[in-house]
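First to last, the sequence lines map onto chains A and B. With the first sequence counted from 1, adding 234 to any position gets you our numbering. With the second sequence counted from 1, adding 155 to any position gets you our numbering.
Treat the hints with care, since some could be wrong.
What the hints assert, rightly or not - Chain A side only, calculated, beta carbon under 8 Å to chain B, not exhaustive: (1) Ser289; (2) Ser292; (3) Gly297; (4) Val298; (5) Gln300; (6) Phe303; (7) Glu364; (8) Ala439; (9) Ile442; (10) Lys496; (11) Gly499; (12) Lys500; (13) Glu502.
As the list claims (entries may be wrong) - Some chain B residues well away from chain A (every beta-carbon gap over 12 Å; in silico): (14) Val187; (15) Pro188; (16) Leu191; (17) Lys206; (18) Pro210; (19) Asn227; (20) Gly228; (21) Phe248; (22) Asn249; (23) Phe256; (24) Ile258.
Stated by the list, open to error - With a straight-line Cα cutoff of 27 Å, these simulated BS3-like cross-link-like pairs (lysine-lysine) come out: (25) A:Lys459 <-> B:Lys241; (26) B:Lys198 <-> B:Lys229; (27) B:Lys200 <-> A:Lys459; (28) A:Lys459 <-> B:Lys198; (29) B:Lys241 <-> B:Lys198; (30) B:Lys229 <-> B:Lys197; (31) B:Lys198 <-> B:Lys260; (32) B:Lys260 <-> B:Lys241; (33) B:Lys241 <-> B:Lys197.
Derived from the structure by calculation, the hints contain no laboratory data. Every value quoted in this text rests on a predicted model; they were computed, and no experiment measured them. Here a beta-carbon is modelled for each residue, glycine too, at the ideal position from N, C-alpha and C.
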Amino acid sequence: MFGTAVIVFREILEAAIIIGIVAAATRDVPGRSRWIGAGLLLGLLGSALVASSISEISELANGVGQELFNALILGVAVLMLAWHNIWMASHGKELASNARAVGNAIRDGASESSVLLAVVGIAVLREGSETVLFLYGIATSNQVGAPTLLLGGIIGTIAGVTVGYALYKGLLRIPMRWFFSATSILVLLLAAGMASQAARYLIQADLIPALITPLWNTSAALPEKSIAGMLLHSLVGYDARPAGMQLVFYVATLAAIGMGMKWVGKLEQQKIN
Amino acid sequence: MNKILILFLLFPSWAIAADEEYTIQIQNHRFVPEQLIVPANKKIKLLVENKDATPEEFESYELNREKVITGNGKTTIYIGPLSPGKYPYFGDFNQATANGFIIAK
Chain A
235 MFGTAVIVFR
245 EILEAAIIIG
255 IVAAATRDVP
265 GRSRWIGAGL
275 LLGLLGSALV
285 ASSISEISEL
295 ANGVGQELFN
305 ALILGVAVLM
315 LAWHNIWMAS
325 HGKELASNAR
335 AVGNAIRDGA
345 SESSVLLAVV
355 GIAVLREGSE
365 TVLFLYGIAT
375 SNQVGAPTLL
385 LGGIIGTIAG
395 VTVGYALYKG
405 LLRIPMRWFF
415 SATSILVLLL
425 AAGMASQAAR
435 YLIQADLIPA
445 LITPLWNTSA
455 ALPEKSIAGM
465 LLHSLVGYDA
475 RPAGMQLVFY
485 VATLAAIGMG
495 MKWVGKLEQQ
505 KIN
Chain B
156 MNKILILFLL
166 FPSWAIAADE
176 EYTIQIQNHR
186 FVPEQLIVPA
196 NKKIKLLVEN
206 KDATPEEFES
216 YELNREKVIT
226 GNGKTTIYIG
236 PLSPGKYPYF
246 GDFNQATANG
256 FIIAK
């Protein structure tokens, strides 16, 4: 049971951390909870759909359909997070100076809700479909103790959700002055980490060169299966043995979003002056 | 066409795209063979065949790979080029029994 709990925890944790961060970053979006709820629901439905059609997906594109699918939805999530951050940067000044303006400013950007919907949905979809397959395997294998294994799954889920919720609550305690910078940085690193994972799938599918494998190996100092490694993996895309191309994707994403934020920030500054 | 040829001349590793193929099977939640020897410093095309009815996830921290293989399904995973050494892998859904390692020589 403990083993099952750990496996499910690991799957849930990544989604929970992503949702915790975007939920905090969009704290003032009206009707936010509804969009998060819809994202969760769509993600769960999608998980079941992906899990049930996994053999069809796998057979696409000469057997690398899974990798393409994962890289594609990660790419969409990266674009959404990029859009969120750049939009936030364009309104950052008013947001920081005047809490009242926050609500209005964000109401203008109604599309923030679609960012929420998509990112939450994708986070759940990615981790959820694997969890569904795993639990399905247990449930259908008729092995003794299947109920206790499933109980382990429930415990793992609760533990993962608790971490995500704690992160969310912790982020909300950041003073308003620093709040937008803090969440922007977290979202930026989240997006870069996702881009690096997308690169890993494309390398696994042999669609892009790995460049150097591995670029570094820090598995002795900070193994990815340790709690700290798992947290860092979800938060900033930590990889104990990344391929060179993953770093290229990571840095390119950081640079592209960072420059986008700077650019719209400057435009906004000119408007004010 | 000529441009493609030039690309292959520039990147000889692409030209030798016929990567070496190796097969690992999953039977009764175990990998067969549990130990696979592959050449080092070469990209490897790994075929994983699942003879069980339940899905499995091929996963390896050392190889930095993870992929779901459906019940009675098969899949392709590209790995490497690996420096000489031992690379454990496991079945994420059956970690108690599904364990193996790849040795790159």
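Hints versus structure:
1. Interface hint status for A:Ser289: upheld, as the beta-carbon distance to the closest one in chain B is roughly 4 Å, under 8 Å.
2. Evaluation of the A:Ser292 hint against chain B yields a held restraint, the C-beta minimum of about 6 Å falling below 8 Å.
3. The closest approach between the C-beta of A:Gly297 and any C-beta of chain B is roughly 4 Å, which is under the 8 Å cut-off, so the hint is satisfied.
4. Hint status for A:Val298 relative to chain B: holds, with the closest Cβ pair at about 7 Å, below 8 Å.
5. The restraint placing A:Gln300 at the interface with chain B holds, with a minimum CB-CB distance near 6 Å, inside the 8 Å limit.
6. With a cut of 8 Å, the hint placing A:Phe303 at the interface with chain B is violated, because the nearest CB-to-CB distance is about 11 Å.
7. The closest approach between the C-beta of A:Glu364 and any C-beta of chain B is roughly 7 Å, which is under the 8 Å cut-off, so the hint is satisfied.
8. For A:Ala439, the interface hint holds, since its Cβ comes within 8 Å of a Cβ in chain B; the closest pair sits about 7 Å apart.
9. Annotation: interface hint on A:Ile442 violated; nearest CB of chain B at approximately 11 Å, more than 8 Å.
10. The beta carbon of A:Lys496 comes no nearer than 33 Å to any beta carbon in chain B, farther than 8 Å, and the hint placing it at the interface is violated.
11. Evaluation of the A:Gly499 hint against chain B yields a violated restraint, the C-beta minimum of about 36 Å exceeding 8 Å.
12. For A:Lys500, the suggested interface contact is broken, since its CB lies about 39 Å from the closest CB of chain B, more than 8 Å.
13. At about 41 Å, the closest approach between the beta carbon of A:Glu502 and any beta carbon in chain B exceeds 8 Å, and the interface hint on this residue is violated.
14. Annotated as non-interface, B:Val187 keeps its C-beta farther than 12 Å from every C-beta of chain A; the closest such distance is 19 Å.
15. For B:Pro188, the non-interface assignment is confirmed: its Cβ lies about 21 Å from the closest Cβ of chain A, beyond the 12 Å cut-off.
16. At the 12 Å boundary, the C-beta of B:Leu191 stays outside the reach of chain A, the nearest C-beta of that chain being 17 Å off.
17. For B:Lys206, the non-interface assignment is confirmed: its Cβ lies about 14 Å from the closest Cβ of chain A, beyond the 12 Å cut-off.
18. Not every CB of chain A is more than 12 Å from the CB of B:Pro210 (nearest about 5 Å), against its label as outside the interface.
19. Remark: the non-interface label on B:Asn227 conflicts with the geometry, its nearest Cβ contact in chain A lying 9 Å away (cut-off 12 Å).
20. Remark: the non-interface label on B:Gly228 conflicts with the geometry, its nearest Cβ contact in chain A lying 5 Å away (cut-off 12 Å).
21. A beta-carbon of chain A is positioned within 12 Å of the beta-carbon of B:Phe248; the least distance is around 5 Å.
22. Listed as outside the interface, B:Asn249 is inconsistent with that label: its C-beta sits roughly 8 Å from the nearest C-beta of chain A, within the 12 Å cut-off.
23. Non-interface call for B:Phe256 relative to chain A: holds, since the shortest CB-CB distance, roughly 15 Å, exceeds 12 Å.
24. Here B:Ile258 stays apart from chain A, with its beta-carbon at least about 16 Å from theirs, past the 12 Å limit.
25. Taking the CA atoms of A:Lys459 and B:Lys241, the gap is near 18 Å; set against the 27 Å cutoff, the hint holds.
26. Restraint check for B:Lys198 and B:Lys229: satisfied, since their Cα atoms lie roughly 19 Å apart, inside the 27 Å limit.
27. At most 27 Å may separate the alpha-carbon atoms for a hinted pair to count; B:Lys200 and A:Lys459 meet this at roughly 26 Å.
28. The suggested pairing of A:Lys459 with B:Lys198 holds, with an alpha-carbon distance near 25 Å, which does not exceed 27 Å.
29. Using a Cα cut-off of 27 Å, the hinted pair B:Lys241 and B:Lys198 holds, with the two alpha carbons roughly 16 Å apart.
30. As the CA atoms of B:Lys229 and B:Lys197 are separated by approximately 22 Å, the hinted pair is consistent with the 27 Å bound.
31. This hinted pair checks out: B:Lys198 and B:Lys260 have alpha carbons roughly 13 Å apart, not beyond 27 Å.
32. Our distance criterion of 27 Å between C-alpha atoms is met by B:Lys260 and B:Lys241, whose separation comes to about 9 Å.
33. Distance check on the hinted pair: B:Lys241 and B:Lys197 sit about 15 Å apart at the alpha-carbon level, within 27 Å; holds.
In the structure shown, a violation is registered for the earlier hints numbered 6, 9, 10, 11, 12, 13, 18, 19, 20, 21, 22, in ascending order.
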